[in-house]
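J.: Protein chains in written order, with my numbering: chain L, 1 to 269; chain Y, 1001 to 1303.
Heads up, some of the hints might be wrong.
[Unchecked claim] With a straight-line cut-off of 20 Å between C-alpha atoms, the simulated SDA-like cross-links for lysine to any residue are:
id: 1; chain 1: Y; residue 1: K1119; chain 2: L; residue 2: Y21
id: 2; chain 1: L; residue 1: K230; chain 2: L; residue 2: N35
id: 3; chain 1: Y; residue 1: K1119; chain 2: L; residue 2: A227
id: 4; chain 1: Y; residue 1: K1119; chain 2: L; residue 2: L23
id: 5; chain 1: L; residue 1: K38; chain 2: Y; residue 2: S1148
id: 6; chain 1: Y; residue 1: K1119; chain 2: L; residue 2: Y14
id: 7; chain 1: Y; residue 1: K1021; chain 2: L; residue 2: S95
Derived from the structure by calculation, the hints contain no laboratory data.
Spelled out, the chains give:
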Amino acid sequence: MRKLRLGRLVLPLYSVIALVYLLIPIVYTIAFSFNDSKGRTNTIWQGFTVAKWLDVCARPDICSAVGTSLIISAISTLVATVLGTAMAIALVRYSFRARSLVSLSLFLPMATPEVVMGAGLAGLFFNLGTGYGYTTVILAHIMFCLSFVVVTVKARVQTLDPVLEEAGRDLYANPTAVFWRITFPLLLPGIVSGALLSFALSFDDFIITYFNSGGSVTTFPMYIYIAASKGVPAEANVIASAVFILAIVIVLGTQVASNIRQKRLLAVK
Amino acid sequence: MGIAFSSSAPKQSGSPLKSGKIVIALMLPGLLYLGMFFMIPLVSLLVTSVETPDASGAIGMYQYSFDLSSYQHVIVDYAPQIGRSFGFAFVATLIALLISYPLAYFVGIRLRSRPLIQKLTLTLVIAPFFISFLLRTIAWKQIFADDSATMNFIRGLLHLDPSVHFLGTPGAVVWGLVYNFIPFMTLPLYTSLERLDLRYLEAAGDLYASPAAVFRKVTLPLTMPGVISGTLLTFIPITGDYVNASRDFLGGPDTSMIGNMVQADFLQNSDYPSASALSAVLMAVILIIVGVYVKRTGTEDLL
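Produce the entire structure from the sequences given, and follow the hints as far as they go.
T.: Following this line, the structure appears as structure tokens:
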């Protein structure tokens, strides 16, 4: 019995070590957003300051890069979420002959290395003679976000009980009403997580953006990449930390909320 | 998933909705998008890969022909990069699996009785996704910098020569690759383990199987779909990554991978045929891997 108990501690301990490993660069990045660094380089700890947080736009190029990223991510997410949600519903709810072909063509973009997708799209735009800019970057971002939206929303559609929609139809609701009053609200958590994932992927993308921006569109990751050889200023850490904290708060908030809802439902039963 | 009790997709045959038209309306926009911005670019890559320099001799201009010499060039001249890409990807995927499986097992099975803690721990697992990819790589770069406290500590601990360094070595690149792609491994593993019906494990235990035998004969086979998709989702992006291996991040002069060469040929040298041929080689290998996977498990498990 004693041996077994000791054995049960190995797994939690291993997991804690793994989690610490996962968190080290995050803690490091956040810590160095408070570094009182002079100039561009932010490699050596020089004392605690909140100055960088209070005046992020002291480096206007960082703020404009973040603005560019936000616009690109918002538009890409919107389009990818609409297209992806429609596909996810069709994939789960209807059986049709080309299903497995569609599944495959949705899986392949996720299985394509970014460098291949980036070079392929850039080559297409080059051959079409469209030039590079916001449009090409957004078209590329929608492309790589689409499959991830489908996967996320599809998981939610699968948990949906068709009986609820049938009940709606039995009560003489027309298909549009059934969709907006029953299906859509039930799918919303899945759609929101798909959109969040899409936004996160788009906001953080570097490789595909680099190939399709033609050097004219500087997103936040592009800014960091270009700055990397000269030194990334602490303001970049401030932005990344703020994005991280915001994302974590959203995720934790939804989890705690769903936990409370579940408890209430159980209490009613 | 092959697990009978998992609630599978409700197939509505004879649905009162006119399914044909609805399917087309729901599917067509997305499929057209995939065709235009995924399939055509891949075909465009293949076409570019067999082009030759333009007769005018202008840099960056190529004309259509059917010349396979770019393939010969990339396979011969970039052999070290191709080897490194798949070598690094293999080692990094294996390490990611060894770190992730116990972690996913702990979160997916041990923490099942505490749903809130389970979800919170899962958030920590995916937390690296939320901080800039480039900045978390730079964080490791600074942690392992030659004159960093970490390196001084490690050198002191192991009595190493002060000239011993980590940054710029294949080890540092693999370290970065493992870190940056590990959530892609942990998440599918977690999904498999979280769905696992513990009664199977109890049944095996009741039949006097040792814990090791239960794991080898029940747990592992039932979570194989997670292992396979985690392996694919980790291995594939790693083969195409070039950020970790580049000199401004964790790499050095002898760590360049396929992605570094594609980037250099495409964006710096304007050698589009070579960049395309190298991309095509990478894509071909990946399609073979995906093909073997699809043959084994079918397309339903892909998404």
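J.: Need the list of violated hint numbers for this structure, in ascending order.
T.: Of the numbered hints given earlier, the structure breaks just one, which is hint 3.
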